[in-house]
Amino acid sequence: MAMMLAAKDKFDVHYAYDFQAPELGDWLETENTLGEPSQAYFLRSNTGPRWMAGGVLSRPFILANQNGGRFAISSIESSSAYERSIFKSYVKFATVDHCLFVVEGKLKVEIEGSSGDNVLHDGETVVISAGQGFKLDFASPFVKFFSVANGRGIETLIQDSGAPFGGMVLPDKAGELDSAALARVAKEINATIE
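The numbering of the sequence shown is the working numbering, which starts it at 12 and goes up by one.
Hints may be right or wrong, so weigh each one.
Derived lysine-lysine pairs resembling DSBU-like cross-links, with alpha carbons at most 30 angstroms apart [to be verified]:
hint: 1; residue 1: LYS198; residue 2: LYS184
hint: 2; residue 1: LYS155; residue 2: LYS119
hint: 3; residue 1: LYS103; residue 2: LYS146
hint: 4; residue 1: LYS119; residue 2: LYS99
hint: 5; residue 1: LYS155; residue 2: LYS184
Pair by pair, the computed Cβ-Cβ distance ranges are [as the list claims (entries may be wrong)]:
hint: 6; residue 1: ASN76; residue 2: TYR28; range: 28 to 38 angstroms
hint: 7; residue 1: ASN57; residue 2: GLY80; range: 24 to 34 angstroms
hint: 8; residue 1: GLU135; residue 2: GLU40; range: 28 to 38 angstroms
hint: 9; residue 1: ARG195; residue 2: PRO60; range: 35 to 45 angstroms
hint: 10; residue 1: GLU40; residue 2: PRO182; range: 56 to 66 angstroms
hint: 11; residue 1: VAL130; residue 2: VAL24; range: 46 to 56 angstroms
hint: 12; residue 1: GLU199; residue 2: ALA92; range: 52 to 62 angstroms
hint: 13; residue 1: GLY124; residue 2: ASN201; range: 16 to 26 angstroms
hint: 14; residue 1: GLY177; residue 2: THR203; range: 26 to 36 angstroms
These are computed hints drawn from the structure, not numbers from a lab. Where is the CB? At the ideal position from N, CA and C, for every residue including glycine.
Taking the hints into account, I'd like the entire structure generated from these sequences.
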């Protein structure tokens, strides 16, 4: 305490002896939703919107439609326990680059035209350029990675071909994949699925 009192003589310090800390409050429902375009917002951890398509869950931090299509950031989760993934076939985005950062688990990435899989573990990153086809294989019981794209990318495939997901964790069984919706969304965002 003596050091703090001495600091007022050396530095521009103004004590607020009558300061009253604010009362603790409950989280607001607005802290569970994405903001409008060009509007600041706060997302409480793991409580924001979630979409699931064929066993792949997307928890977006920001979507491309919120910033004029410049970028999108999302947490993507899935499991090796699910039989089928929307990334089982090669996916190619004509104009969108992706950076995938593995947070937890093991993710196998197969780049079209390369020999073999690239296996990524916690803390590892892969950058996939626009026009480059890729497959993703969720190779551990729980896989979580962050996807950063310079436009509408894999998070849009999941959101627009899937459905809102009410749960907080991955379900025991993956839901059915709507292949027609996936093909429609891919065409809308200039992506191909082989």
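Hint-by-hint comparison with the structure:
Under the criterion of a C-alpha separation no larger than 30 angstroms, the hint pairing LYS198 with LYS184 is consistent with the structure, at around 28 angstroms. The hinted pair formed by LYS155 and LYS119 meets the criterion: a straight-line CA distance of about 12 angstroms does not exceed 30 angstroms. For the suggested pair LYS103 and LYS146, the alpha carbons sit about 9 angstroms apart, so the restraint of at most 30 angstroms is met. Between LYS119 and LYS99 the CA atoms are separated by roughly 11 angstroms; this keeps the pair inside 30 angstroms, and the hint holds.
Distance hint between LYS155 and LYS184 is fulfilled; the C-alpha atoms sit about 17 angstroms from each other, no more than 30 angstroms. The supplied range of 28 to 38 angstroms is broken by ASN76 and TYR28, whose beta-carbon atoms lie about 49 angstroms from each other. The given range of 24 to 34 angstroms is respected by ASN57 and GLY80, whose C-beta atoms sit roughly 26 angstroms from each other. Taking the beta carbon of each, GLU135 and GLU40 are about 36 angstroms apart, inside 28 to 38 angstroms as hinted.
Remark: the range hint 35 to 45 angstroms for ARG195 to PRO60 is contradicted by a beta-carbon distance near 21 angstroms. Taking the beta carbon of each, GLU40 and PRO182 are about 24 angstroms apart, not inside 56 to 66 angstroms as hinted. Here the CB-CB span from VAL130 to VAL24 is close to 54 angstroms, well matched to the stated 46 to 56 angstroms. About 30 angstroms separates the C-beta atoms of GLU199 and ALA92, a value inconsistent with the hinted range of 52 to 62 angstroms.
Checked against the hint of 16 to 26 angstroms, the C-beta distance between GLY124 and ASN201 comes to roughly 20 angstroms, which is consistent with it. Remark: the range hint 26 to 36 angstroms for GLY177 to THR203 is upheld by a beta-carbon distance near 31 angstroms.
In this structure, the earlier hints numbered 6, 9, 10, 12 are contradicted, and the remaining ones agree with it.
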